[in-house]
Structure formats: structure tokens, C-alpha cells
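Here is how the chains run, residue by residue.
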Amino acid sequence: MNHTFVALVADKPGVLTRVASLLRRLNFNIVSLMVGRSEKANVSRMTIVAEAPPAAAHRITAAMYKLEEVLQVDNVGRRACVILEMALIKVAANAETRSRLFELAKIYRARIVDLAPESMMLEITAGESKIEGLLELLQADDHEVLEVSRSGRMAMRRGHHTSRVLEALDDSGPQTDFDVSMGRAAGPTEEAQEELHKDLLGD
Amino acid sequence: MGQIHNGSNPFPPAGSLLSGAEIIWATLVGEGVRDVFGYPGGAILPAYDALRKFPIRHILVRHEQGATHMADGYARASGGVGVAVATSGPGATNMVTGLATAMLDSIPIVCITGQVSSKVLGSDAFQEVDITGITLPITKHNYLVTRAEDIAPAIRDAFQVAKSGRPGPVHVDITKDAQQAIVAFDFEAAAARPHRPHPMLRATDESFQAALDLLAQAKRPVILAGHGILQSNAMREVLDLAERMHIPVACTLLGLGAFPASHPLNLGMMGMHGETWVNQAIQQADLLLALGMRFDDRVTGSLKTYAQQARKIHVEIDPSEINKNVKVDVALIGDLGAVLRMLLPSLPPRDDTSWIEEVNAMKGTAAVRDIQNLPDTGHLYAAHVVNDLWRQTGGNAIIVTDVGQHQMWEAQYYKHEHPRSLITSGGLGTMGFALPAAIGAKIACPDKEVWVVAGDGGFQMTSPELATLMQEKLDLNIAIVNNGYLGMVRQWQEFFYEKNYQSTPLLSPDFVKLADAFGLKAVAVRQRSEVIPAIKAAQKHGGGFLIDFQVEKEDSVYPMIPAGAALHEMIQRPGNPLVETAADI
Chain S
146 MNHTFVALVA DKPGVLTRVA SLLRRLNFNI VSLMVGRSEK ANVSRMTIVA
196 EAPPAAAHRI TAAMYKLEEV LQVDNVGRRA CVILEMALIK VAANAETRSR
246 LFELAKIYRA RIVDLAPESM MLEITAGESK IEGLLELLQA DDHEVLEVSR
296 SGRMAMRRGH HTSRVLEALD DSGPQTDFDV SMGRAAGPTE EAQEELHKDL
346 LGD
Chain B
231 MGQIHNGSNP FPPAGSLLSG AEIIWATLVG EGVRDVFGYP GGAILPAYDA
281 LRKFPIRHIL VRHEQGATHM ADGYARASGG VGVAVATSGP GATNMVTGLA
331 TAMLDSIPIV CITGQVSSKV LGSDAFQEVD ITGITLPITK HNYLVTRAED
381 IAPAIRDAFQ VAKSGRPGPV HVDITKDAQQ AIVAFDFEAA AARPHRPHPM
431 LRATDESFQA ALDLLAQAKR PVILAGHGIL QSNAMREVLD LAERMHIPVA
481 CTLLGLGAFP ASHPLNLGMM GMHGETWVNQ AIQQADLLLA LGMRFDDRVT
531 GSLKTYAQQA RKIHVEIDPS EINKNVKVDV ALIGDLGAVL RMLLPSLPPR
581 DDTSWIEEVN AMKGTAAVRD IQNLPDTGHL YAAHVVNDLW RQTGGNAIIV
631 TDVGQHQMWE AQYYKHEHPR SLITSGGLGT MGFALPAAIG AKIACPDKEV
681 WVVAGDGGFQ MTSPELATLM QEKLDLNIAI VNNGYLGMVR QWQEFFYEKN
731 YQSTPLLSPD FVKLADAFGL KAVAVRQRSE VIPAIKAAQK HGGGFLIDFQ
781 VEKEDSVYPM IPAGAALHEM IQRPGNPLVE TAADI
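Chains as they are written, first to last, in this note's numbering: chain S, 146 to 348; chain B, 231 to 815.
Don't read these hints as lab results, they were simulated from the structure. Treat the hints with care, since some could be wrong.
Claimed, not checked - No farther apart than 25 Å at their CA atoms in a straight line, the calculated lysine-lysine pairs in the PhoX-like style are these:
no.	chain 1	residue 1	chain 2	residue 2
1	B	678	B	703
2	B	678	S	211
3	S	185	S	235
4	B	393	S	157
5	S	211	B	393
6	S	211	B	554
7	S	185	S	157
These numbers come from a predicted model, not from an experiment.
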């Protein structure tokens with residue numbers, strides 16, 4: 146099954162390698178891995194989708210926490226959250242086929258972000274299945290899909306839940322560049338630890 | 231930079247201007263390091279140039295693998311952190327085996343390597359290799375340091391990471407230009423922030439209660455004593471627990487010494503080459519109390535049949551070990567000593583000794599291992615050698631083994647009474663480990679009697695370190711268990727590959743002459759009657775001494791669980807002269 150994790154990590158060279166290497170070591174395939182800046186300086190946010198047996202989630206979480214530069218890991222798979230993905234799709238298009246593509250794009254709430262004499266680029270931000278649906282439909286409709294670029298999942302919990310680690314950083318956070326670069330920050334709150342523990346012994 | 235240092239004041243005051251090279255040593259001194267194992271080279275030369283200003287003993291090794299094993303043996307013998315230093319490129323890649331060895335056995339060592347200048351990083355400069363990329367999966371953490379001001383924080387952080395939580399090796403790679411730059415040094419300001427415990431550590435009131443309930447109900451409990459007892463210094467607590475509740479104790483290989491061998495509750499080593507009754511006791515147990523051990527495949531055999539009747543309590547500091555191999559009923563995740571200290575006051579009373587009697591009955595005559603008094607059949611068995619070594623050293627020596635048959639014989643026939651008296655590569659099973667690790671152990675514990683026990687195969691992997699031993703004038707004794715084969719592989723070929731002894735017969739040098747060339751005293755022993763005199767001669771000599779024990783060639787380690795078989799499906803000792811019968815007693 147696919148597990149989805151959100152990880153807050155120190156923004157420094159090599160962190161991506163460490164996280165990827167951990168999953169490689171466990172022989173779990175990375176379906177997608179998105180990294181970007183978070184709301185806090187020097188902290189990156191990753192959304193990792195890994196294909197692994199159902200019981201492997203706690204082991205991945207526990208192993209990720211052993212990485213010095215990982216600040217927080219959240220297994221969002223079983224939580225209420227928004228999961229979106231973005232795709233850029235380049236389709237062959239000419240004067241005759243364009244209007245049909247406009248129509249499809251409208252139905253799927255995709256945007257046309259580039260238009261050329263023989264092609265068109267669609268941008269869609271949606272759940273995975275909707276993107277797959279659009280791609281299938283394009284093919285079924287005999288549109289030649291020239292290029293596809295997909296971001297992989299981005300996830301965020303719904304409601305008031307926030308990355309509490311980052312709040313904690315404000316109080317007792319890293320004081321120097323080195324602290325940040327070494328990922329030396331406060332850990333998850335008690336509440337977050339409670340959830341972790343449930344993950345660990347729940348199944 | 232000479233203005234800062236003189237012999238009387240080795241530790242520079244805050245704000246002193248130091249080169250990165252000086253900062254390396256100053257930080258190590260500040261961390262309490264007195265001995266460093268290393269090998270110089272181009273990219274680490276600035277550091278070596280500065281070494282003379284600091285009160286650090288540098289042990290020049292003959293191969294960087296040796297430096298890492300020495301740091302490892304130093305850490306295992308002392309309970310502290312071992313330090314190894316090497317240059318970039320091949321110097322650093324030679325450290326890989328030692329780092330992996332320390333990783334698999336959770337040994338705190340800090341390895342420092344030189345790296346080419348930051349300006350040419352990634353350009354395939356002379357002796358450049360992406361060593362932090364290579365060591366990433368075999369270290370607890372690693373650092374690439376390119377600025378002098380980051381050296382002290384990185385090294386101090388490395389020590390903290392190495393020692394804290396589940397210990398492990400840490401690697402610090404420092405570019406040459408960082409060693410050469412001059413910056414202000416402030417040891418205190420470079421302190422690592424307080425250790426951030428793994429957020430999944432957890433031992434709640436409920437889990438304590440659940441553990442106590444299981445203990446109260448147990449009729450046939452067994453303690454599985456692992457390396458974590460030594461790591462956590464929880465020997466006293468485990469002894470307390472076992473004695474108060476009359477629970478028999480089975481040890482893992484790395485747990486030997488964590489519980490006194492002579493204690494009536496100590497069953498001995500479990501697992502692939504554990505005695506039958508130990509594994510039987512585990513199979514029949516209704517409660518396993520796993521203390522600082524990780525249910526390694528060499529311990530469990532087939533997981534499908536492992537201790538099916540037993541509930542399991544796992545006390546472990548690494549949350550990723552919980553339910554990894556064996557699903558447990560209660561997990562107490564934290565430092566073993568701390569967990570046990572919380573558990574001990576509430577232990578339910580238990581006076582029932584019937585289970586111990588039952589286990590003792592399982593031992594039968596096999597438990598009488600007085601091989602000393604067996605008649606001399608003219609054969610020299612490795613078991614005799616190890617057993618005599620145990621008697622002759624009073625069980626008080628530090629024994630450092632290599633990997634293979636002799637390692638298992640050592641575990642079976644040397645009774646480890648004291649913690650940290652067995653140093654062996656358990657997880658990675660690194661041949662060539664013994665000699666360098668023993669050098670490290672001897673430097674850590676100069677007043678202890680230290681013995682290398684190695685096979686003829688493994689010994690040849692790192693034998694150049696004999697020169698290190700001599701250069702450092704160490705009083706170290708070496709017992710080679712020489713059977714002319716890569717013995718453990720031969721044994722597997724015998725049992726599982728129809729005696730196809732492919733590439734296992736081994737021609738060795740004349741070890742006596744080899745030792746002589748290095749300046750060690752040495753003797754060869756072929757008769758049982760010569761064993762004790764040779765050991766005595768070694769003990770008396772007071773320098774490097776090597777004994778080439780030429781033992782029975784095709785002897786095997788018994789009992790044995792074939793890989794993947796169930797714990798109770800052991801291959802028993804055949805009728806060889808080492809199997810005691812009632813007539814011998």
C-alpha cells in the first residue's frame with residue numbers, strides 16, 4: 146500500500162539523500178517525494194509517498210526520527226487531510242482539436258497555461274484520481290499526450306492541527322546557523338507523541 | 231598559532247585564534263580524548279602538523295580499517311568513545327568496514343577524515359572521494375565540514391550523537407582548507423544542544439502495569455539479556471530483577487558478560503550456537519523479557535516457530551526495533567537501566583523455582599562441561615584451548631575474538647563473569663576485527679590482561695597490525711586457533727553443501743616465524759599438554775606473545791540451528807571426544 150508522510154527537516158545539503166536512502170535501505174519504493182520550503186526559515190517540508198506493507202508505517206516513522214536532521218514526521222495517511230497533486234500535461238493540438246480540449250479542461254478545472262500552433266499545455270491541481278481521469282480521457286479521446294510532469298502528492302492536515310514543532314522552534318529553537326543546519330530543534334509536542342505511540346503499537 | 235599553546239596549557243581559552251587543525255585536537259581534548267588511532271596523509275596533514283601541541287597519544291596503525299576497529303575495541307572496553315583519524319580518499323574508504331562494524335553493534339566511535347579543499351570538492355581531485363555519501367548508511371550521522379568555525383560544533387555534536395540514545399559511529403569529514411583557516415575557538419560555545427530523545431520513547435504507567443501483570447502471571451519466564459544491558463550499565467538492575475523473581479537468563483552473543491556466567495540463573499548463550507537447553511527454555515517459555523536485544527535472526531531462527539507460547543515484553547531504546555522481527559505484547563521504550571529502576575520497586579513477589587528446576591533438568595549430562603578432566607585422546611580441540619584460557623586467566627581477561635568457529639567456541643567455553651570482558655563483532659561479523667580491536671582494548675585498559683582469539687583466516691586479514699602492537703610496546707597475547715580452513719564456512723559446506731570444500735582450505739604462513747619477524751615471542755602448540763604452559767609463558771612474557779594452536783582440522787561448532795530452522799531443531803553434538811558421557815564424570 147501507499148503510505149503518505151509529511152516530514153519537517155532541516156534545510157541543508159544531503160537531507161533529501163538521507164531520507165531517500167533510508168527508504169531505499171528498507172527496500173521500499175518511493176512513489177513520490179516533494180520537498181519545498183515551509184513557513185519557517187531553514188526548515189523544509191517533505192511529502193513522501195512510499196509503497197510498503199501496511200505494518201511498515203511505524204517502522205518508517207521510527208527510522209526517520211533516527212535521522213538527526215528530521216524534526217517531525219507525520220503519517221497523514223489515516224488522518225483528515227487535504228492531499229493534492231499538480232500536473233502539467235502537454236497535448237498535441239491544432240485548430241480543429243483545440244475547442245474539444247478547452248471543453249475538457251473546463252470540465253476538469255484545468256488551466257491552459259501555454260498555447261502553441263501544434264500543442265497546448267494544461268495545468269491541473271487536484272487529487273490523484275482526478276488527474277488520472279483527465280489523462281485517461283485525453284487518451285481515450287485520441288489526443289496525443291506529448292509530455293506529463295506530475296508533482297507527486299502534497300499533504301496538509303485539515304483544521305487547527307499545525308506543525309507544532311515550528312511553534313516550539315520559536316521558544317527554544319535553534320540559535321545559530323549551525324543548530325539549524327544540524328537539525329537541532331525541539332521535538333514534537335506531547336500530543337504529537339501520543340499519536341506516534343499509537344502508530345507504533347496500534348497495529 | 232604557537233602563541234596559544236605551550237605544554238602546560240593544552241586547552242586554549244575562549245576566543246583564542248586557532249587553525250581548524252588545532253581546533254580538531256583542542257575539541258577532542260575538551261571531550262576528554264587521550265588516545266587517537268590514525269594514519270596520516272595529504273588532506274589530513276594540517277591536523278597532524280598541529281598534533282604535537284596537544285596531550286593526545288596517537289597510535290599509528292598499519293591500515294585505516296585497523297584504526298576504526300581499534301577505536302571500536304577502545305570504546306567497547308572502556309565504555310567511552312573511541313576516535314580514529316584518516317586522510318581523504320583511500321584512507322577514508324578503508325574506514326568503511328570499521329564504521330559498519332560499529333554501526334551494527336551500536337558502538338560509539340568518532341571517525342575524522344581529511345577531505346580535499348572545499349574549492350575543488352566534486353572535481354575528482356587527487357585522493358578525493360565522496361566519503362560522506364559512502365558512509366551515510368553505515369553511520370549514525372555524518373558531517374561534511376568546509377569551514378573552520380564549524381569544526382568544533384561538528385565534533386562536539388558528533389560525540390553527543392555517538393553516545394546518546396542507541397549509540398553508534400559518527401563520521402566527520404573536514405576539508406583541508408577548513409583545517410588551514412584561522413578562527414576564534416570557544417569550546418563552551420560549541421557545545422552540542424541537549425540531546426533530543428527519540429520522540430517515540432515511551433514507557434507509560436499503563437505499559438508498566440501491563441508488564442507487571444505479565445510478570446505476575448508468568449509460570450515459565452525467561453530473560454533475554456542483550457548488549458543494551460552493557461550499553462546502559464544496567465547489570466545491577468538485571469541481576470536484581472532475575473534474582474528477585476527467580477527468572478533464568480539467556481544471553482545474546484553481545485550480551486555475554488552482562489550477567490555473571492557463574493550465576494545459577496545464567497543459562498548461557500542463546501541462538502544458532504547456543505546450548506540446547508537454552509533454546510528449549512525459550513521455546514517453552516510463557517514469557518520472554520527481552521532486555522536490550524533486537525531479536526536478530528541468529529538468535530530467533532525461524533520466526534514462524536519462535537517462542538510461540540510466550541508473551542513478550544521488549545525493553546529497548548530504539549523504537550524502530552519494536553515489532554521489527556518479533557511482535558511483542560508490551561514495549562517499554564527507553565533506557566534499559568531507567569526503565570528497570572522504575573519497574574523494580576513494583577515487582578510482584580515470585581518464589582516459584584519449579585521452572586528453573588525444569589530448565590536445569592533439560593541440561594542433563596550435557597551441562598557438565600568439565601572438559602578439562604576428559605582423558606587426553608591425543609587430539610587438540612579448540613574447545614580445550616578456550617577452556618584452558620578461561621581457567622588460566624581466571625575468567626578475568628578481556629577476550630577479543632575474530633569471527634567464525636573460534637568465536638563461537640569462545641562464547642561457549644569461556645565463562646564471562648564480568649561486563650565488557652568479551653569484545654566481538656556480532657552484527658556485521660567482521661573477520662580481521664580481533665587484533666586491532668584488542669589493541670584498542672589494551673590501550674583503553676592497560677592494566678587488564680587482553681587476549682586475541684582469532685582463526686587462521688581472519689588473523690591474516692589484519693595481521694600487519696602486529697607492527698602497531700610492537701611500536702606501542704603493548705603487552706598483548708594472541709591465540710590463533712589454527713585449523714587450516716576457513717572453518718565456519720567449511721562447516722557450512724560440510725552440513726549444507728555436501729562437503730564441497732570449495733576455497734576453504736587455507737595455507738597460512740608459519741605464524742611463529744611471522745610473529746618473530748614483527749618482534750613478538752611465539753610458540754606453536756600441537757598437544758593438549760602444551761596448552762597451559764604456553765598460556766603461562768605468554769602471561770609471564772610481558773610483551774607481544776603469539777601462540778599458534780594447531781587444532782583438529784575438521785571440528786565443527788555444536789549444537790547448531792541451521793539458518794532458517796526452528797530453535798528446537800538443533801543439530802546436536804555427535805559422539806566426538808568433547809561430548810561428555812556419564813562415564814567421564
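Cross-check of the supplied hints:
Restraint check for residue 678(B) and residue 703(B): the C-alpha separation of about 15 Å stays at or below 25 Å, so the hint holds. The suggested pairing of residue 678(B) with residue 211(S) is violated, with an alpha-carbon distance near 36 Å, which exceeds 25 Å. Straight-line distance between C-alpha atoms of residue 185(S) and residue 235(S) comes to about 34 Å, which puts the hinted pair past the 25 Å bound. Between residue 393(B) and residue 157(S) the alpha-carbon distance is near 24 Å, which keeps this suggested pair within the 25 Å criterion.
This hinted pair checks out: residue 211(S) and residue 393(B) have alpha carbons roughly 14 Å apart, not beyond 25 Å. Note on residue 211(S) and residue 554(B): the hinted pairing holds, with a Cα-Cα distance of about 15 Å set against a maximum of 25 Å. For the hint linking residue 185(S) to residue 157(S), the alpha-carbon distance of about 14 Å falls within 25 Å, and the restraint holds.
Against the hints set out earlier in the document, violations occur for numbers 2, 3.
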